[in-house]
Amino acid sequence: MKLTIDGQSVTAKKGQTVLECAKENDISIPNLCTHSSLSPFGACRLCVVEIEGMRGYPTSCTTPAAEAMVVRTDTEALLNLRRNIMALMMLEHPSACLVCGRREQCEQFRPAAEKAGSTTGCHTCNSKEVCELRILSEDMGITELPVPPMYHERPVERSEPFMDRDLNLCILCGRCVRICKYHQGKAVIDFVGRGSQTCIGQAFGHSLLEAGCQFCGSCVDVCPAGSLADRYAKWHGKPDSVTESTCIFCDQACALALGAGNEKLVTAQTVNESIPVCVLGRFAIPEFLNGGDRLATPHVRVSEVLRQVEWEEALEKAAAELSEFAGDSFALICDTTSTIEDRHIFKKFTSEVMKSKNYVEIEPDARGVSRCSLPKSTKAALLTGNYVDSAELKQLEFLIVQDCYPTPASERADVVFPAAIFAEVDGTILDRSGQKRPLRKACEPPGHAKPEWWIISRVAESMGAKGFDYESADAIAHEAGILDAKLWVDRTDAPPAATNLKLRRTYFRGHQIDEKVRGLRELPVDDSCALEVTTEKTEGAFQILEKNEIAPNVHEIVISALEVAKKALPGQFIIVMVDEKSERVPYSLSGWDAEKGTITMVVLEKGQSSRKLILLDVNDKLAHVVGPLGVPLEIENYGTVVLAAGCYGIAAIAPIAGAMKEAGNRVVVISEARSHYLHYYQDKLQSVCDQFVQTTIDGSMGTRGHAIDALTQKLDAGEKIDRIIAIGCPFMMMMTAEETKPYGVKTLAALNPIMVDGTGMCGACRVTVGDQMKFACVDGPFFDAHQVDWDELRDRRSAYSAEEIHSIGRTESVASSNSGHKCKCKH
Amino acid sequence: RSLIEGDPHAVLEGMLIAAFTLGASQGYVYCRAEYPLAIHRLEVAISQMRELGLLGEDIQGSDFSFDLTIKKGAGAFVCGEETALIASIEGRRGMPQPRPPFPAVSGLLGKPTVIQNVESLGNLPSILRNGAEWYGQYGTESSKGTKTFALAGKIERTGLVEVPLGVTLRTIIDEIGGGVPDGKALKAVQTGGPSGGCIPAEKMDLPVDYEALTQAGCIMGSGGMVVLDEDSCMVDIARYFLSFTQAESCGKCAPCRVGTRAMLGILERITAGEGEMADLDKLEQIAQTVKDGSLCGLGQTAPNPVLTTLRYFRAEYEEHIEKAQCSAFVCGRMISYHIDRDRCSGCGACARVCPVEAISGEKKKPHVIDREICIQCGACLGACPSRFAAVFRRSGELTRYEQRKISKKDKK
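Residue numbers (the working numbering), protein chains in the order written: chain R, 147 to 973; chain Y, 1089 to 1500.
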C-alpha cells in the first residue's frame, strides 16, 4: 500500500505500523518504549505524529499504516509536544547532568567507569554511552526542566543474583515487562502500584528468584534508561569491542556477543534479541574469566615448592622430564571443552612425540562433570583440568597441569601451564549435533596465559619434534580439515537451561563454576548445598552509634572513637577499615564531640569498601579507625573566606566553616549539588556562616550552576575574597582551581588520593604540587590548588579500577550478607 | 449505579436488545465490588431472567443464545476506560491500550466487543418501546434525550436528577436544586467527575449539552455536578481533583503519570503560598502536554480542572501567588488566626480547645495566639462564643470575622 509521510510517497507492507514504515524509509521518529522484538505498547508517547483524518496525535508505533494515509512527523506542534513529554519523563530520572553546562569537561576528567551505590546522575552512570534517554534529550535540545525533578528516593534493589535494579532511573517504558512475558511466557515482573507510585516489581513483594526468574538477562538488555543493570558489567562502562563467538559452558553452543573493555571480557549477550541464552551464557562468563585467582604465569616445582618462572624455563623443564616417559607410560587427558584444534595438537603430540596410545578425551556429562581414571601404565601425565582423583595422581612420577584455575591437581603438579580458554582463544568446537561452531578471540588472557595448542606445540618443539610450527589456530584447522565452522545465530529455541535453572551445567573442566561466580550460588541446584557461605562478623572497638541516609547515596555515620574525638581539629581525616581484611579508606571528619567521644563522617557509597561500611547496622563495630590524620587546616583571620563544597565535601566543610567564623572571618559557604534532593546539611551550614549560597546544576534549588559559577560571579563583581577552600570530587576541585587562577586568590583544595597507612610510609598518596612531590596523608590534605597536578591525581586515583570492579562482583549481595547462610540446605 | 440499583431490568433488557441486534452471545456487567447493593440486585435480576428463560441457550425458541456474567472490579478509576476495562475483565492489569484496533474490531479476548454505559443501555428499552421520535423530543438538535446528574456540594437539595439535555445550568441549580444555601453566592459548577471542569457563575445560562460543555472546557462525563459557593477556593479545587487523577493514573504513559504529578506539585506550592507567577505558564504548558500527549481519556481530560480554573479564575491564582491571599479562606498556609483585643473578654474558651497550646492570656483579659505555634486548625474560631466573636482570620490583605449561622433554636 502507498502512503505519504512528510510529503514523501512511501510503500508499506501489510501489517506494518506507521513507525516501522517510516523507519524503513529513513524517516526518523523518536521513540523509547518500542523494541524490535516486542509488540507495540504506546506508553512513552514520543513517537506521536499527525495523521490527516485522525483526531489528536496518534502514536506511530501503534497505528497500522493504511492506504492513502497522509502522515506528518515534524510539525512545530509535534516537536514541541515531544520535547515537553520528554522533559516530563526526565523529571523522574536523575537528569541534572543532562542539563549541565560542564558535562563534557566532567566526563573527560572522570574515569571511564565510575562506581556508586545509587546513581544520581550521568556522572556515575555507566549506561551513559548507551542511554537512550540521554541521546534523545540531546537530540531534542532539552536544556531546562519545567519544574524541579521529582526523584522517587527508592532504595536500590541489589539483593538479587547478577542484577541490580534502581527504580529511580526507570521511565516505565515497560520493555522489561514485555520481554519477560515474551521470553519466559509468564510475568515474573510487571507494573505494580498505580498513579505516580507505579513501578516495576514482582507480585506480592517476592524476590526475582521466588517469582521464578530464570536470569536470562533479557530485561537488562532492553532497558533504555540504565534502571536494570548487569551488576558485574555495569562498572566497566561501554565495551570497546564486541566479538561474536560461541559459548562452551555446554554443548548447546549458543552464539554470543562478547563485549570487551580494556582487553578484558566485560559482557556476554545473546546475538539474537528474540532468543535468550541461559544464565551461564548471559552472566557467568566475564566473572569466570576475570577471576582474581586465574592461573596467569607458568610454575615449576623447585625443591618441593611451586615457583613462578618464565615460559622458557617451564617448557624446558617439561620437555626434559617428558623425554624420560616415552611410550604408554605417558597419558594426556583433556575434555571436549578444549577446541578441536587444541585436541588435534594434543593427539598429535601424544602419538607422534610421546609415542603413546594414551590420549584420553572425556565428554562432560549433563552437569559438566569430566572424570576419569588414569590408564594403568601411566607414570607421567598431562592434564588440562581437574579430572583425576588426588590419590591416583599421587602415584605419578611426573605431572603437568595445564589449566585456567588452581586445583588440587595443579598444586600437586611438577609443572603448571596457565591456559587461555573460551573467549581468550580462536578455534572450533562441536555442538551436540556435531556441527562445527567457531570460537573467536574476544579478549586477552590473564597475565602470561597462552592458548593450549601453543603450549603443547612449544613443548613438542622443545623436545626436538618437527611439524609443530603453527602460527595460529587457523593453521591447525587447515591441517585437521576443520573449516567452515558457523556461528549458531539462527536458533529457534532458547537453550533448556534458559527456562529451567536446574538444567544448567555446574562444572567446567572439573572447576565448580559457582565457586568463581558468586551469583550462581543463590540459584536452585539439584543436589544439596555444596558450598557453605558464611559471613564473618566484624569485631572491633569502634561501634556505630547512628547511621542515616541523609541524601540519596550519602550516609552519615556516627562512631564511638574516644581518642580521635579528643584530638580532632578542622580539616583532619580518619582512615577506616570495616573488617580485618578490608581496604583502608580515608574519610573527612565532618564533626566530633570530645566529651561524648564520638566522631561523625559522611560517606558516599562509591565502591566495595564504602558499600561494606554502609551495610553495617547501628551497634556493629568497625575493625579499625585511625586518626585524626593529616595537617589541620591553618585557621586565622584572613578577612573573607569562601568555602566551596560539593558531594561529601558539604559535610567536610561544616567544621571548617565554624572554625573560620570563630577566628573572625567573614565566611561565605557555597554548597553545590546536582539537584535539590541531593542537598543535605543545609541548616547546619547556614548556622555557621555569614552568607550561604546554594547552587544546583539543574537550577531546581538556589542558583543554577556549579559552586565555581557562584564564586566567579562574586569575583567578577569585585567582591573582596581573601581565601578560597574547595572540598569535593577531584573534578569539582580541579575546576575551582582552574577558574580561580586568573583572580590570584589563594585557593586550597583537600586532595583525596588513594591512601594505605596514612602516616607517610607507603607513598600511595603521592601527589605533585608545584615541582614538589608530597604525600597527601602527612603533608596534606590541603594544598595550593593552583599548583596541583590534577591529571596525575586523576590517573593515580583510577590505578586500581579493574581490581575494584572485580571485587564488587565478589562481594556478598545484600540479602546474603544480612542473613548469612542462604541456600536451601538445612544449615 | 442508581439505575442498576433502581431498575436493573432496564439495563439487562438493553443488553439483551443490543446483543440480539449484533448477534453477541456473551455479555458482561462490569461493576465495582464496592457497590454490593448494585451487584446483589443485578444477581437477583439475572436469576429472574434465567427463570423466565430470557437468558441462556435458544432464548424463547428464538435460536438466539445469550448469557450474562457480572465481573466485579477492584475500583480503579481507569477501568472506566474501555480498553482498560477489557484488560481487567481478562484478568490483566487495568491499563489502557492504544486504539486502533478498536474494541468493535478486536476487544475482549480478541473478539469484537461493544462497550456501553449503563445509562445508554438502560435507555434502549424505552426508546424501542416508544420510538426514536419520542426520545428525540427531549434534548436539543444534537444532544438528544435526557441525562441523569448527581447534584452535590453547596446546594439546598442534593441528589440525582434526570433532566432533558439542553436545560440551562441555572434551571438545574436554582429551580431543581433550590439554589445555594445560607445566602451564599454561587461561584462555579464543576461537572463531569474528577476530570471535568469548572463553569463560573456568569455562565449559568449555559445549556447543558455535549457541545456547550465541551466548548466551556468541561465534559458531561459521569454526570457529576458539584456546586461551589464563595467559600470554595478554585485553586484548592483544582489541586483536590488533580490529587485524585494523579493517584488514579494507571502509570503507563509518561504525560499522564508524570504530568499530573508535576501539576499537582505546582498546585501544592501555590496553595502553600510558595508559588511564582511563572508557575501559571508552566501549569498551562504541562496541562496542554498531558491533554495532547496522553494515551487514554483519563490523561486527556485530567488537566480539565486546571485549565478551566485557570481560564475562568486566573485572578484567584494570582492572588495566591502575589498576595499570599486565599479570599475563600481555604488554603490553610495562607491564613493566620488572631484575637480581636477589643472583643475578647478573656473567657479562655479558645485556650482550652487549642490542641497545641498556642493561646495564652490572663483570665478576663484579652488572649493572644502565638502564630509560631498555631497550626491553623480553627478550633478557637469555633470555641469563641458568638456573643464575642473575637477570633478572626487574615489572609493577605483580607480580614474575616466568623459569620455565624443563627440556628432555628437560637431564633426561638
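Among these hints, one or two may not hold up.
List time: in silico BS3-like cross-link candidates among lysine-lysine, alpha-carbon distance up to 25 Å [what the hints assert, rightly or not]:
1. R/Lys713 x R/Lys587
2. R/Lys332 x Y/Lys1159
3. R/Lys807 x R/Lys712
4. R/Lys752 x R/Lys712
5. R/Lys727 x R/Lys261
6. R/Lys501 x R/Lys540
7. R/Lys503 x R/Lys612
8. Y/Lys1199 x R/Lys327
9. R/Lys332 x Y/Lys1199
10. Y/Lys1199 x R/Lys160
11. R/Lys384 x R/Lys712
12. R/Lys587 x R/Lys632
Output of the computed footprint for chain R on chain Y, the stretches with three or more beta carbons under 8 Å from beta carbons of chain R [to be verified]:
13. 1210 to 1219
14. 1322 to 1329
15. 1337 to 1347
16. 1377 to 1390
Residues of chain R clear of chain Y, computed beta-carbon distances all greater than 10 Å [stated by the list, open to error]:
17. Glu198
18. Asp336
19. Thr344
20. Arg651
21. Gly785
Calculated directly from the structure, the hints in this document are not laboratory data.
Computed from a predicted structure; not experimentally measured.
Beta carbons are placed, not taken as given, at the ideal position from N, Cα and C, and that holds for glycine.
Going through the hints against the structure:
1. For a cut-off of 25 Å, the pair hint linking R/Lys713 to R/Lys587 is broken: about 57 Å separates their Cα positions.
2. Between R/Lys332 and Y/Lys1159, the direct Cα distance comes to roughly 24 Å. Compliance with the 25 Å bound is thereby established for this hinted pair.
3. About 21 Å separates the Cα atoms of R/Lys807 and R/Lys712, which keeps this hinted pair within 25 Å; it holds.
4. For the suggested pair R/Lys752 and R/Lys712, the alpha carbons sit about 29 Å apart, so the restraint of at most 25 Å is broken.
5. Proximity of R/Lys727 to R/Lys261 is assessed by CA-CA distance (about 21 Å); at most 25 Å being required, the pair is judged to hold.
6. The suggested pairing of R/Lys501 with R/Lys540 holds, with an alpha-carbon distance near 24 Å, which does not exceed 25 Å.
7. Our distance criterion of 25 Å between C-alpha atoms is met by R/Lys503 and R/Lys612, whose separation comes to about 20 Å.
8. The suggested pairing of Y/Lys1199 with R/Lys327 holds, with an alpha-carbon distance near 22 Å, which does not exceed 25 Å.
9. With a C-alpha separation of about 23 Å, the suggested pair R/Lys332 and Y/Lys1199 falls inside the 25 Å cut-off, and the hint holds.
10. With a C-alpha separation of about 21 Å, the suggested pairing of Y/Lys1199 with R/Lys160 holds against the 25 Å cut-off.
11. The hinted pair formed by R/Lys384 and R/Lys712 fails the criterion: a straight-line CA distance of about 47 Å is larger than 25 Å.
12. As the CA atoms of R/Lys587 and R/Lys632 are separated by approximately 15 Å, the hinted pair is consistent with the 25 Å bound.
13. With 0 residues having a Cβ less than 8 Å from any Cβ of chain R, the region 1210 to 1219 of chain Y misses the three-residue criterion, and the hint is violated.
14. Restraint check on the region 1322 to 1329 of chain Y versus chain R: 0 residues with Cβ-Cβ distances below 8 Å, three needed, restraint violated.
15. Coverage of the region 1337 to 1347 of chain Y by chain R holds [criterion: at least 3 residues with CB-CB distance below 8 Å; count 10].
16. Residue count for the region 1377 to 1390 of chain Y with a Cβ under 8 Å from a Cβ of chain R: 6. That meets the three needed, and the coverage hint holds.
17. Here R/Glu198 stays apart from chain Y, with its beta-carbon at least about 16 Å from theirs, past the 10 Å limit.
18. The Cβ of R/Asp336 sits about 7 Å from the closest Cβ of chain Y, inside the 10 Å cut-off, so the non-interface label is violated.
19. For R/Thr344, the condition that its CB be more than 10 Å from all CB atoms of chain Y is violated, with the nearest at approximately 3 Å.
20. Listed as a non-interface residue, R/Arg651 keeps its Cβ farther than 10 Å from every Cβ of chain Y; the least gap is roughly 37 Å.
21. Separation of R/Gly785 from chain Y is adequate, the least Cβ-Cβ distance of about 36 Å exceeding the 10 Å criterion.
Checked against the numbered hints listed earlier, the structure breaks hints 1, 4, 11, 13, 14, 18, 19; every other hint is satisfied.
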